[in-house]
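Full structure from sequences and hints, please.
Every letter in the sequence shown is one number past the one before it in the working numbering, and letter 98, counting from 1, is 99.
Some hints here could point you the wrong way.
[To be verified] Below, in silico cross-link-like pairs of lysine to any residue (SDA-like), each with a Cα-Cα straight-line distance of 20 Å or less: (1) LYS200 <-> SER279; (2) LYS9 <-> GLN97; (3) LYS30 <-> ALA53; (4) LYS277 <-> ALA262; (5) LYS237 <-> VAL36; (6) LYS69 <-> MET150; (7) LYS284 <-> ASN77; (8) LYS200 <-> GLN248; (9) LYS30 <-> VAL232; (10) LYS117 <-> LEU128; (11) LYS104 <-> ALA53; (12) LYS277 <-> HIS197; (13) LYS117 <-> GLY276; (14) LYS30 <-> VAL307; (15) LYS30 <-> ASP61; (16) LYS104 <-> GLN157; (17) LYS117 <-> GLN248; (18) LYS9 <-> LYS69; (19) LYS149 <-> LYS9; (20) LYS132 <-> ASP5; (21) LYS117 <-> LEU133; (22) LYS149 <-> HIS162; (23) LYS200 <-> VAL307; (24) LYS104 <-> LEU6; (25) LYS9 <-> LEU133; (26) LYS59 <-> VAL36; (27) LYS59 <-> HIS40; (28) LYS117 <-> ARG290; (29) LYS149 <-> SER161; (30) LYS104 <-> ASN155; (31) LYS9 <-> HIS162; (32) LYS69 <-> VAL232; (33) LYS7 <-> ASP61; (34) LYS200 <-> GLU263.
[Unchecked claim] Quick list of the computed label-pair ranges, beta carbon to beta carbon: (35) GLU310 <-> LYS104: 37 to 43 Å; (36) PRO120 <-> GLU58: 19 to 25 Å; (37) ASP236 <-> GLY273: 45 to 51 Å; (38) GLY302 <-> LYS200: 37 to 43 Å; (39) GLU310 <-> GLN28: 38 to 44 Å; (40) ASP281 <-> LYS104: 48 to 54 Å.
Everything labelled a hint here was simulated from the structure, so no lab data went into it. Here the structure is a predicted model, which means the values were calculated and not measured. Ideal Cβ placement from N, Cα and C applies to all residues, glycine included.
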Amino acid sequence: MPTDLKQKIYVAGHRGMVGSAIVRNLQAKGYTNIVTRTHAELDLTNQAAVQAFFEEEKPDQVYLAAAKVGGIHANNTFPAEFIYQNLMMEANVIHQAFVSGVKRLLFLGSSCIYPKLAPQPMSEDALLTGKLEPTNEPYAIAKIAGIKMCESYNRQYGDSHGIDYRSVMPTNLYGPGDNYHPENSHVIPALIRRFHEAKAGNAPEVVIWGTGTPRREFLYVDDMAAASVFVMNLDKSTYDQHTEPMQSHINVGFGSDITIAELATAVAKATGYQGKISFDPSKPDGAPRKWMDSSRLRNLGWIPLVDLESGLSEAYRAMQANEKALN
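The following block contains the structure:
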């Protein structure tokens, strides 16, 4: 598919960590017609508002990076909000994109779509083969629905209307624009905040939730953005050769994983904290391991560029430059 730098591109969720990284990537590549709306300007759970937006703007491409996200605590505390808001946003944006004539759309999912005990590394064909991790099942169900909605519209309208809606499944992401809320954040921003505050307060010890033994994979958000733009602009024949109509999503991972204990040590180093690190096994661990098989994407020719040490240092610098992120 030829790249037209003047085509109108709507990035849903442009203020979020992933959406803002996608905007940065598009701008760096020379795209000049990027459309965005804040939540105050456009509530994506409001069907009528989304319909009016698409009728007015008629974008050529859509990156669906908008979502209600959070860590284990947030998912456990607000399951109804997580499933409702994510389902509504996906349904409204994907359907109205189709109605308004959008030919190319990229939906961003999550690695939590895979079963809790999926074989590691998790390949795309592990989807729907077992029970999900209970702590984030509502969010995972919504993301699975988004994948299947894209596939269903392709199956019904791909030939007749020339649409091509794709999905990418990122592993755990981190970097500039992350959420540092003390209770509702993901593991890396939560650890960065904890160690930052411990260093500032000269705390002798930082206690981490869980045993420290679960393994996780982490990808710097600007690498995720680069992968998203790469997948969006693959020509259809190439994309179709590497996917199937009812298993069309593509994993986006770093390629290796580490334990939470190893991660804690790396974050402590990035923030300059030199006290003791201990673990509270009475708190939940979540899934024992989440490591993505990203061979499908690598076979298409994309690899990540930012290693964990460099990424953590950059994420910490970005947080320090934006102190309001800690409020």
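Hints, one by one, checked against the model:
For the suggested pair LYS200 and SER279, the alpha carbons sit about 15 Å apart, so the restraint of at most 20 Å is met. This hinted pair checks out: LYS9 and GLN97 have alpha carbons roughly 16 Å apart, not beyond 20 Å. Distance restraint check for LYS30 and ALA53: the Cα-Cα separation of roughly 29 Å exceeds the 20 Å cut-off, and the hinted pair is therefore not satisfied. Of the pairs offered as hints, the one joining LYS277 and ALA262 holds, with about 12 Å between alpha carbons and a cut-off of 20 Å not exceeded.
Proximity of LYS237 to VAL36 is assessed by CA-CA distance (about 24 Å); at most 20 Å being required, the pair is judged violated. Taken as a hint, the LYS69 and MET150 pair is honoured in the structure, with Cα atoms around 18 Å apart against an allowance of 20 Å. Our distance criterion of 20 Å between C-alpha atoms is met by LYS284 and ASN77, whose separation comes to about 13 Å. Taken as a hint, the LYS200 and GLN248 pair is broken in the structure, with Cα atoms around 46 Å apart against an allowance of 20 Å.
In summary, the hint linking LYS30 to VAL232 is supported, as the alpha carbons are separated by about 15 Å, within the 20 Å threshold. Only pairs whose Cα atoms come within 20 Å are accepted, and LYS117 paired with LEU128 is accepted, the gap being roughly 11 Å. Simply put, LYS104 and ALA53 have alpha-carbon atoms about 18 Å apart, close enough for the 20 Å limit, and the pair holds. Taken as a hint, the LYS277 and HIS197 pair is honoured in the structure, with Cα atoms around 14 Å apart against an allowance of 20 Å.
About 33 Å separates the Cα atoms of LYS117 and GLY276, which puts this hinted pair outside 20 Å; it is violated. This hinted pair checks out: LYS30 and VAL307 have alpha carbons roughly 18 Å apart, not beyond 20 Å. Restraint check for LYS30 and ASP61: satisfied, since their Cα atoms lie roughly 17 Å apart, inside the 20 Å limit. The hinted pair formed by LYS104 and GLN157 meets the criterion: a straight-line CA distance of about 14 Å does not exceed 20 Å.
For the hint pairing LYS117 with GLN248, the CA-to-CA distance comes to about 19 Å; that is within 20 Å, so the pair holds. Restraint check for LYS9 and LYS69: not satisfied, since their Cα atoms lie roughly 25 Å apart, outside the 20 Å limit. Using a Cα cut-off of 20 Å, the hinted pair LYS149 and LYS9 is violated, with the two alpha carbons roughly 25 Å apart. Taking the CA atoms of LYS132 and ASP5, the gap is about 42 Å. The hint is violated against a cut of 20 Å.
Distance hint between LYS117 and LEU133 is fulfilled; the C-alpha atoms sit about 5 Å from each other, no more than 20 Å. A hinted pair counts as satisfied when its Cα atoms are at most 20 Å apart, and LYS149 with HIS162 qualifies at roughly 18 Å. At most 20 Å may separate the alpha-carbon atoms for a hinted pair to count; LYS200 and VAL307 exceed this at roughly 26 Å. In summary, the hint linking LYS104 to LEU6 is supported, as the alpha carbons are separated by about 16 Å, within the 20 Å threshold.
Proximity of LYS9 to LEU133 is assessed by CA-CA distance (about 37 Å); at most 20 Å being required, the pair is judged violated. The hinted pair formed by LYS59 and VAL36 meets the criterion: a straight-line CA distance of about 10 Å does not exceed 20 Å. Proposed proximity of LYS59 and HIS40 is supported: the alpha carbons are some 19 Å apart, at most 20 Å. Between the alpha carbons of LYS117 and ARG290 the distance comes to roughly 8 Å, so the proposed pair stays at or under 20 Å and holds.
At roughly 19 Å between alpha-carbon atoms, LYS149 and SER161 fall within 20 Å of each other, so this suggested pair holds. As the CA atoms of LYS104 and ASN155 are separated by approximately 10 Å, the hinted pair is consistent with the 20 Å bound. Between LYS9 and HIS162, the direct Cα distance comes to roughly 19 Å. Compliance with the 20 Å bound is thereby established for this hinted pair. Taking the CA atoms of LYS69 and VAL232, the gap is near 23 Å; set against the 20 Å cutoff, the hint is violated.
Between LYS7 and ASP61 the alpha-carbon distance is near 10 Å, which keeps this suggested pair within the 20 Å criterion. For the suggested pair LYS200 and GLU263, the alpha carbons sit about 19 Å apart, so the restraint of at most 20 Å is met. Roughly 40 Å separates the CB atoms of GLU310 and LYS104, a value that falls within the hinted 37 to 43 Å. Distance hint check for PRO120 and GLU58: the Cβ-Cβ separation is about 43 Å, which falls outside the suggested range of 19 to 25 Å.
A hinted range of 45 to 51 Å holds for the C-beta pair ASP236 and GLY273, which are about 47 Å apart. The hinted range of 37 to 43 Å is satisfied by GLY302 and LYS200, whose Cβ atoms lie roughly 41 Å apart. Hint check: GLU310 to GLN28, Cβ distance near 27 Å, so the stated range 38 to 44 Å is violated. Under the hint 48 to 54 Å, the C-beta atoms of ASP281 and LYS104, about 50 Å apart, fit the expected range.
The structure is inconsistent with the numbered hints 3, 5, 8, 13, 18, 19, 20, 23, 25, 32, 36 and 39, although it conforms to all the rest.
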